[in-house]
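Asks: Here are the chains, one letter per residue:
Protein chains: 4
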Amino acid sequence: MMTRGRIEAFTDGVLAIIITIMVLELKVPHGGSFADLMPLIPVFGSYLLSFIFIAIYWNNHHHVMQTVQHVTGGILWANMHLLFWLSLIPFSTGWVGENHFTSASVFLYATILLFAAIAYHILQLTIIKSHGKHSILAQALGKDLKGKASMILYLLGISSSFFKVWISGIIFVIVAVIWLIPDKRIEKRLKNNHKTV
Amino acid sequence: MMTRGRIEAFTDGVLAIIITIMVLELKVPHGGSFADLMPLIPVFGSYLLSFIFIAIYWNNHHHVMQTVQHVTGGILWANMHLLFWLSLIPFSTGWVGENHFTSASVFLYATILLFAAIAYHILQLTIIKSHGKHSILAQALGKDLKGKASMILYLLGISSSFFKVWISGIIFVIVAVIWLIPDKRIEKRLKNNHKTV
Amino acid sequence: MMTRGRIEAFTDGVLAIIITIMVLELKVPHGGSFADLMPLIPVFGSYLLSFIFIAIYWNNHHHVMQTVQHVTGGILWANMHLLFWLSLIPFSTGWVGENHFTSASVFLYATILLFAAIAYHILQLTIIKSHGKHSILAQALGKDLKGKASMILYLLGISSSFFKVWISGIIFVIVAVIWLIPDKRIEKRLKNNHKTV
Amino acid sequence: MMTRGRIEAFTDGVLAIIITIMVLELKVPHGGSFADLMPLIPVFGSYLLSFIFIAIYWNNHHHVMQTVQHVTGGILWANMHLLFWLSLIPFSTGWVGENHFTSASVFLYATILLFAAIAYHILQLTIIKSHGKHSILAQALGKDLKGKASMILYLLGISSSFFKVWISGIIFVIVAVIWLIPDKRIEKRLKNNHKTV
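Residue numbers (our numbering), protein chains in the order written: chain A, 7 to 203; chain B, 7 to 203; chain C, 7 to 203; chain D, 7 to 203.
One or more hints might be untrue.
Identical copies go unnamed one by one, so any copy, or any two together, can satisfy a pair.
Claimed, not checked - Here are the simulated lysine-lysine pairs, DSBU-like style, with alpha carbons at most 35 angstroms apart:
| no. | residue 1 | residue 2 |
| --- | --- | --- |
| 1 | K149 | K33 |
| 2 | K170 | K33 |
| 3 | K154 | K170 |
| 4 | K135 | K33 |
| 5 | K135 | K170 |
Since the hints were made in silico from the structure, they are not lab data.
Since we're looking at a predicted model, the values are computed, not measured.
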């Protein structure tokens, strides 16, 4: 009975705000010279990285939602659960940027990304559960290697944060690259589905 | 003459912003160690609780609006009245979190939740008034035990805030749980209605 | 060629954000007792007033837009002009509240409301210009007594701000009440129009 | 497979937030007299200018998107790339306003505008690439003199920021005026297209 349109609209709104309020952590410096901008460079770096992550989530969310034919209460709450973890990204982004990537802040950043990835995985499982093992999403995901690889990489990023934070940084970039490479699974399945129907 | 779509879009926008700006109360600490995160734990707790309340309101609002066939001026203003009280939740959430649940802050938090619940009740009554006692919403709500129970619980939470704030906290969790348990009333009615039509 | 839907969606977004970020001026007090809330009472009062004004604008905007059949460049920019003045309301609301209604802050508050009213008037004229004197909006507005009365009242409110700010305050409330009383003009015309068509 | 509607909704959301949070840089002064407003005049000036730029982008984005018949992954990421640069405008606007147009702040302001213009250009090229050289957008743009002129003007504005910042200011106003003059290219092509179809 619930419409897909409104859950998408609400998610769009929340993600649009998350991606935009992150920029508020780039606090306008009081001085007006280039030197005053220097301390902001790590904040800018963490902003750029988080911007890409949120954009990837928006993109994937869009694709996954297209396979949803009826929204159940479970899907709604799985989606809210995902939004909760994503809503914490501006905080962890600001902390990691302001403190120039201390161990603790990188640990928190990676942990929140891990929980968001888990929430996304749960959202997919909830959709598949209500739409059947032969649904478009179930077929498109297959074993969901990308999703599982991301979670393992985040775990590595969490571990490395105690020793060398730059390793964690490299790992975050690798995860982003994995997802930025176009993923045709769902698009293909949707197309095939349309053809056969 | 007024369309349901735009009132939903506006409400979605306001709720998406409320749920997201609450996280701004989680102020990025200046220090970069785990110890610097400790003072934020009560703020995080109040954020989590309020996130769940807003999510519940969004979910219920979505269901109630689906029963609306024509938006009157009364429904519009009843909705604005609800949004007004919900818009104060980020403030009360921040206050209760920053002050580690003092009596006054818990009192305010519960009072705003009570007024939001009353506003929601008024919204439902306004819809029923304009759509008739045999409308989908009127039948689905019945005596609206959940709504009335919530209001009584908030009153208890307000009272207990003067003595033991942790009792108020438990009461808030109980209200959240009551609403998180799936409520099939409206969905059922809408389905039945579709079948008979 | 431009669609009404997207101009409405953008306006909804901007108004939803304006109405919600105003609440950020209610800064969470450091103390946790009721006494710490006292200084916020004028801020709360100005927030409530501005919330009602934005809600009235959203409501009226919704009605006026329903009479638009094609969006011209002129309508788009007249709408942006209106949003510009409305976007300043959180600032003037915060200033008037934080300074407990000094002459200067009340003057600014009234001036921004006046410019918003003028911008709204221009928007209506632009729509009528492109849709013809016999269009739904032109007939519904007639001489637009409410719009003109508001502008005169704002001018009075600006003048009185130099002598007695409480007179300005009463004038603002009068304007709000004028608009809160249901205005059936456009709804009636749209209904009639549907009947004849 | 991706729908144009959701990319438009997300862009609307982000632009609505960008245009509105910029006003938060107009920090409410502590004093309540007109003299306390004086330091805010340059901030207000930069806000007005940036408001117009974002409004122009929204307007143009709306037009360009109307020519899109299918959204590819490339279009999506080109759009995200544009939003990234636009999301930095509140920061550069705040900096340029708070520091009364120092060389460095004007340089940054112009640079971000330049990158946004380049991103917009890339978005157009990406759409044309996927829709063909005979598509509506390709024909409407022609040699895109306005786009190229803007980029050259921004380069001039960046250069002049080292010598005379008021020259940069004049250049920004010229760019805004160029775009404010109604551009009928896409509207015409869309109309012609409808006629022939």
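Asks: All the hints need checking, so say for each whether the structure fits it.
Replies: Evaluation of the provided hints:
no. : hint         : in the structure
1   : K149 to K33  : neither (43 angstroms within a copy, 39 angstroms between copies)
2   : K170 to K33  : both (27 angstroms within a copy, 26 angstroms between copies)
3   : K154 to K170 : within (23 angstroms within a copy, 45 angstroms between copies)
4   : K135 to K33  : neither (44 angstroms within a copy, 38 angstroms between copies)
5   : K135 to K170 : neither (40 angstroms within a copy, 43 angstroms between copies)
The structure fails hints 1, 4, 5 (numbered hints given earlier, in ascending order).
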